[in-house]
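Kindly produce the complete structure, drawing on both the sequences and the hints.
Residues per chain, in single letters:
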Amino acid sequence: MSVFNQSRSYIVRLIFILTFIIISIQLFNLQVLSSKYKQLALDNAVFPKRVFPPRGIIYDRLNRPILNNTIMFDLMVTPTQIRGVDTSYLCRLLEIDTAEFKKRVVTSIIRNGRYRPSVFEGLLSPAKHARLEENMWRFSNGFYLQERPVRTYPYNVAAQILGYIGEVDSGIIARSNNYYIPGDYVGRNGLESFYEEILRGQRGIQYLIKDNKNRLVGRYENGEFDTAAVAGRNLRTYIDVELQQLAEKMMANKVGAIVAIEPKTGGILAMVSGPNFNPNDLTGSDKQKNFARLQLDVSAPLLNRAIKGQYPPGSTFKPIGALVALEEGVITPSFGYPCSGAYYGCNRPVRCTHAGGGHAANLRLSIANSCNAYYTHIFRLTIDNPKYRNVKVGYAKWKDYMNAFGLGTRLGIDLPSEDKANIPDTNRYNTVYRGSWSSCTNLTLGIGQDMMTTTPLQLANAICIIANKGYYYTPHFVKKIDDETEEDTIMNPFRVKNEILTHIPDAAFEEVISGMQDVVERGTARSAAIPGINVAAKTGTAENYRIIERKRVQLKDNSVFVCFAPRENPKIAIAVIVENAGYGGTWAGPISSILMEKFLNDTLRPERVKKVEEIANANLMPSYLKRLQYIEDSIRAFKWYEMTSDSSYIKNYVMKHTSIPVSLPTGEQWPPVFEWEAILPKEKYFKNQPFT
Amino acid sequence: MNQRNPSISKGIDWRLIWLYFLISGIGITAIFGATFVEGDDVITSFLTFRTDYSKQFIFFILSVIIGVFILVTDSKFFAATANLWYAFGILLLLLVFPFHTEIKGTESIIRIGGFQFQPAEFCKIPVCLALAKYLSLNETDFSKTKSQLIAAGIAILPALMAILQKETGLALVYFSFFLVMYREGLPSLILVIGFSVAALVVLTLLLEKNTLAIILTVFAGLTVYNMRRQIRRNKGILINIILIWALCVGIQRFGVPFIFKSVLQNHQVERIYSTIGKEVPIEYLKGIEESDMAGKPRLNTADYNVKQSKIAIGSGRLLGRGLLKGTQTRYDFVPEQRTDFIFCTIGEGFGFVGSMVLILVYLSLLFLIITIAERQRSTFSRVYAYGVAGVLFFHIGINLAMTIGLAPVIGIPLPFVSYGGTSLVTFSILLFILVRLDADRQMVIR
Numbered sequence: 001m002s003v004f005n006q007s008r009s010y011i012v013r014l015i016f017i018l019t020f021i022i023i024s025i026q027l028f029n030l031q032v033l034s035s036k037y038k039q040l041a042l043d044n045a046v047f048p049k050r051v052f053p054p055r056g057i058i059y060d061r062l063n064r065p066i067l068n069n070t071i072m073f074d075l076m077v078t079p080t081q082i083r084g085v086d087t088s089y090l091c092r093l094l095e096i097d098t099a100e101f102k103k104r105v106v107t108s109i110i111r112n113g114r115y116r117p118s119v120f121e122g123l124l125s126p127a128k129h130a131r132l133e134e135n136m137w138r139f140s141n142g143f144y145l146q147e148r149p150v151r152t153y154p155y156n157v158a159a160q161i162l163g164y165i166g167e168v169d170s171g172i173i174a175r176s177n178n179y180y181i182p183g184d185y186v187g188r189n190g191l192e193s194f195y196e197e198i199l200r201g202q203r204g205i206q207y208l209i210k211d212n213k214n215r216l217v218g219r220y221e222n223g224e225f226d227t228a229a230v231a232g233r234n235l236r237t238y239i240d241v242e243l244q245q246l247a248e249k250m251m252a253n254k255v256g257a258i259v260a261i262e263p264k265t266g267g268i269l270a271m272v273s274g275p276n277f278n279p280n281d282l283t284g285s286d287k288q289k290n291f292a293r294l295q296l297d298v299s300a301p302l303l304n305r306a307i308k309g310q311y312p313p314g315s316t317f318k319p320i321g322a323l324v325a326l327e328e329g330v331i332t333p334s335f336g337y338p339c340s341g342a343y344y345g346c347n348r349p350v351r352c353t354h355a356g357g358g359h360a361a362n363l364r365l366s367i368a369n370s371c372n373a374y375y376t377h378i379f380r381l382t383i384d385n386p387k388y389r390n391v392k393v394g395y396a397k398w399k400d401y402m403n404a405f406g407l408g409t410r411l412g413i414d415l416p417s418e419d420k421a422n423i424p425d426t427n428r429y430n431t432v433y434r435g436s437w438s439s440c441t442n443l444t445l446g447i448g449q450d451m452m453t454t455t456p457l458q459l460a461n462a463i464c465i466i467a468n469k470g471y472y473y474t475p476h477f478v479k480k481i482d483d484e485t486e487e488d489t490i491m492n493p494f495r496v497k498n499e500i501l502t503h504i505p506d507a508a509f510e511e512v513i514s515g516m517q518d519v520v521e522r523g524t525a526r527s528a529a530i531p532g533i534n535v536a537a538k539t540g541t542a543e544n545y546r547i548i549e550r551k552r553v554q555l556k557d558n559s560v561f562v563c564f565a566p567r568e569n570p571k572i573a574i575a576v577i578v579e580n581a582g583y584g585g586t587w588a589g590p591i592s593s594i595l596m597e598k599f600l601n602d603t604l605r606p607e608r609v610k611k612v613e614e615i616a617n618a619n620l621m622p623s624y625l626k627r628l629q630y631i632e633d634s635i636r637a638f639k640w641y642e643m644t645s646d647s648s649y650i651k652n653y654v655m656k657h658t659s660i661p662v663s664l665p666t667g668e669q670w671p672p673v674f675e676w677e678a679i680l681p682k683e684k685y686f687k688n689q690p691f692t
Numbered sequence: 001m002n003q004r005n006p007s008i009s010k011g012i013d014w015r016l017i018w019l020y021f022l023i024s025g026i027g028i029t030a031i032f033g034a035t036f037v038e039g040d041d042v043i044t045s046f047l048t049f050r051t052d053y054s055k056q057f058i059f060f061i062l063s064v065i066i067g068v069f070i071l072v073t074d075s076k077f078f079a080a081t082a083n084l085w086y087a088f089g090i091l092l093l094l095l096v097f098p099f100h101t102e103i104k105g106t107e108s109i110i111r112i113g114g115f116q117f118q119p120a121e122f123c124k125i126p127v128c129l130a131l132a133k134y135l136s137l138n139e140t141d142f143s144k145t146k147s148q149l150i151a152a153g154i155a156i157l158p159a160l161m162a163i164l165q166k167e168t169g170l171a172l173v174y175f176s177f178f179l180v181m182y183r184e185g186l187p188s189l190i191l192v193i194g195f196s197v198a199a200l201v202v203l204t205l206l207l208e209k210n211t212l213a214i215i216l217t218v219f220a221g222l223t224v225y226n227m228r229r230q231i232r233r234n235k236g237i238l239i240n241i242i243l244i245w246a247l248c249v250g251i252q253r254f255g256v257p258f259i260f261k262s263v264l265q266n267h268q269v270e271r272i273y274s275t276i277g278k279e280v281p282i283e284y285l286k287g288i289e290e291s292d293m294a295g296k297p298r299l300n301t302a303d304y305n306v307k308q309s310k311i312a313i314g315s316g317r318l319l320g321r322g323l324l325k326g327t328q329t330r331y332d333f334v335p336e337q338r339t340d341f342i343f344c345t346i347g348e349g350f351g352f353v354g355s356m357v358l359i360l361v362y363l364s365l366l367f368l369i370i371t372i373a374e375r376q377r378s379t380f381s382r383v384y385a386y387g388v389a390g391v392l393f394f395h396i397g398i399n400l401a402m403t404i405g406l407a408p409v410i411g412i413p414l415p416f417v418s419y420g421g422t423s424l425v426t427f428s429i430l431l432f433i434l435v436r437l438d439a440d441r442q443m444v445i446r
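Chains as they are written, first to last, in our numbering: chain A, 1 to 692; chain B, 1 to 446.
Among the hints, a few may not be true.
[Stated by the list, open to error] Under 8 Å between C-beta atoms, here's a sample of chain A residues computed to sit facing chain B:
id : residue
1  : 5
2  : 7
3  : 8
4  : 13
5  : 16
6  : 18
7  : 24
8  : 27
9  : 28
10 : 30
11 : 38
12 : 45
It is worth saying that the hints were derived from the structure and are not from the lab.
Backbone N, C-alpha and C fix where the C-beta goes; we use that ideal spot for every residue, glycine too.
Spelled out as structure tokens, the structure:
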């Protein structure tokens, strides 16, 4: 029987071999032919963690850090590990209730899964951190504190200059060629944004291993494939932190701007925009809240008025007008104008603060006395210059001069979104006046009014040109990048000397500067004098119009002041604008003078210290802002009610501002209103509602 | 002890023993690779027996000791007590019904203290012995249908009990004894019919049902046309063709859906469909209504194991990532990676080359067993050897095919390699009895 079916043993063997061949083919297919599985395995298990190097630090001119890095703490939670934790005690320390606690745990499970740690409370305030640090052993099952680097501002200054960092949006990601991924932080304004590539350094990647529950369990291949992060480089700036502090102090409760530049280099010593805020408000745990508050404030503290505010320069423009007229040869330094209190050359008279007495008997006197008639006259002479035959050609020439002085063009400062303000071109006048206009139409350009606006930065830069007698460097903050190499081209534009106006002879500059010195010694800016230093300055009191509730309203004049010192070797040039403050010599003048004194002498005289306090305590916030804020807030409250049917905000605003009973759109009866009917767009928010 | 063989080593085929040591060694290494935790002291953990690889090592030692005992036993003992063992095995299987502990969905495990025992696993030995005993009986004429049915009954009885204990995978193993019966003279037709039915079932799953019905009808029509001359002579052929056609369509339209709806459990249906890469029809899933699934993505959870397993094996490439270097198995991406999916550790750690080495070692083991079987003088030893070869082949083939996505996930271990005491000891006993019988290959054992 043993040999009976022996041939079948070969068939059995054949079956074995065939099965094993099929398996081997599939193995060959999986392991040798297909290359995707290796990658899939890496995707499964290897987590490329991006390592962010510390961002660069920003120093002032004496190497004091204005912007530094510090560590804050996040409270992290790993939901599966919460065991035997005294929840109510933790809630008490964090000042939350147990419902909120549960909500946060559920949120973190949804976001990150229950095995991975998520942020339970980010950027703990120092008080909360201290409380938790002491008690952390109680919560070690499931909770831990994680360090998180944040930006800090040791001097609490220069918020608008430095900018802030925030999460990238889709636009930034697209522009960076996908260098960033969602969740990355990037400089969102100011120097943080302009020097992003310098400050951020080189990101590193650490390959970590994660297990089947997405927990990180170690380094992949002992870090063989990791790329090291390269620290961000530091910036050394021209900013003088003490000067900046002083300037910000004096701008408190004022709308306006201060720009101080070192004329020889174009380095910006201080730049303030009022109203201001503390840069530390935009780091730390209340960041979102503070940001919302700043953004909803109608006085726009986030707006850097020094580069974005557009102001008519007023009389501070006169030295420039004089230089243009001299260079064009329409006047000489001895040219005088018999002003009798106004300019009557055209239909409407242009008033002057002085009358007769030869207050404009020559150029120098005309600057010292700020004669409006003199400057409207020489403006007309300039653009009606017979050598150009046509007012439009003459005006175009004049506009070229303005652009050469840096007015009406972007200077190219190292901050994002600088404004170019406005020197209207001939087309603009052609459009407005349908082609027929003359030097009489825009004669107030001669005294820095009409359609002309400048930014405080442009004004300060123009003063630098006068102080330098014709040249300037593009105003900028950064003096030096640490470890700068040939490849860093970002600084190149700031090292080019712009000599576009050096063809104006020094004698012309001397004449104008003498006039400006007279302004301080005998004219409208006597309050700005500093003993022992020759200061050249010019005051301005610019008319201030604003459209409020669809009406053009004339508000109190803007106080404008420009100056530089010392005359012989200019070290600082300043432009100050304080909105709604009146005469240039009253507010802007003393502010500039104090800053110059501080910068040049390093100390202030006792009476000046007193003056600083006086200015700092003065509240010059325009009153219309309050009304505007109320309108904005109440409209928002109503929109909120429309969207959510939550009337608490309306009640809040109505309660605060009203006294007569009224039935609200919510159907409730409230003590109401004397003015909200006028303020709120009634037709929109009170459609068919009884409104007693 | 046999008087004619004074030394126990006399007649022993050492090649078999060495292959056994080699594969068990590979197994312990693979378990070590799958379960070693960074920072463990290897020597200490081997001595304290707390880790899986040290436990497997213990079971290996235990198996060798049992093996030595088997080698000193008289080979006639196994033939003599074969039926007794079979009765004992069936009794154990019956005991499972009242005394089982439910673990991971199976109801086939008896727990005594900390010790787990799975009679369905162990029962392979008695079935192998009993089948050998029955076929070697002088009065058995295996060419008779009655004998064939009795032999099939011996193998299928424990299988049915395993199915009742929700251990379908192990039940399927008992069908490997058909290989023995084939060798002993089961008509080839049965094998052909078996393969045809299997092919028909696979086609039913792959093709839309009307399409397959049309194909079958066209096929039947063509056969009739081709055989028209024979049919003219013999009408019986036509009737046979029509009957076969009706049977095929019946299986395709009613048989397969019946099995999927009423016999198989949800996870089994999902595993089968996951292997062919199709979505499970809702009517095959029990307890799930059409409305429950509306608009929801159909997640086939059975996919996960196989997908991770394929990733693990595929990521090994030609030469492997090295022992303890494979991320898939080191970080537990493959479920059951020390037991049923142990091959992943080898595929990932040692690559195609390593996998092929293991496969060739297995193939040489199987071929060696067949060679040994064919040199036996006694039918008992030959049938037993074929039984061992069939069981091992079925385990190896199905296990490897499932880890690389060629077969549905059937939870059966890889012989001598997968972690698990019962499995290792059972396979060792199977093999050592064979070695013992082979040592007395010149004897006629009944």
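Verification of the supplied hints:
1. A hinted interface residue such as residue 5 (chain A) counts as satisfied when its beta carbon comes closer than 8 Å to some beta carbon of chain B; here the least separation is about 5 Å, so the hint holds.
2. Contact between residue 7 (chain A) and chain B, as hinted, is not supported at the beta carbon level, the nearest pair being about 10 Å apart and thus beyond 8 Å.
3. Annotation: interface hint on residue 8 (chain A) holds; nearest CB of chain B at approximately 5 Å, less than 8 Å.
4. Because the closest C-beta pair between residue 13 (chain A) and chain B is about 6 Å apart, less than 8 Å, the hint holds.
5. Proximity of residue 16 (chain A) to chain B holds as hinted, the smallest CB-CB distance being about 5 Å (cut-off 8 Å).
6. Violation of the interface hint for residue 18 (chain A) is found here, the shortest Cβ-Cβ separation to chain B being roughly 10 Å, above the 8 Å cut-off.
7. This hint holds: residue 24 (chain A) has a C-beta 6 Å from the nearest C-beta of chain B, less than the 8 Å allowed.
8. Because the closest C-beta pair between residue 27 (chain A) and chain B is about 5 Å apart, less than 8 Å, the hint holds.
9. Restraint check, residue 28 (chain A) versus chain B: the minimum CB separation of about 6 Å is within 8 Å; hint holds.
10. The beta carbon of residue 30 (chain A) is positioned within 8 Å of a beta carbon in chain B (closest approach about 4 Å), and the interface hint is therefore held.
11. The beta carbon of residue 38 (chain A) comes within 5 Å of a beta carbon in chain B, closer than 8 Å, and the hint placing it at the interface holds.
12. The restraint placing residue 45 (chain A) at the interface with chain B holds, with a minimum CB-CB distance near 3 Å, inside the 8 Å limit.
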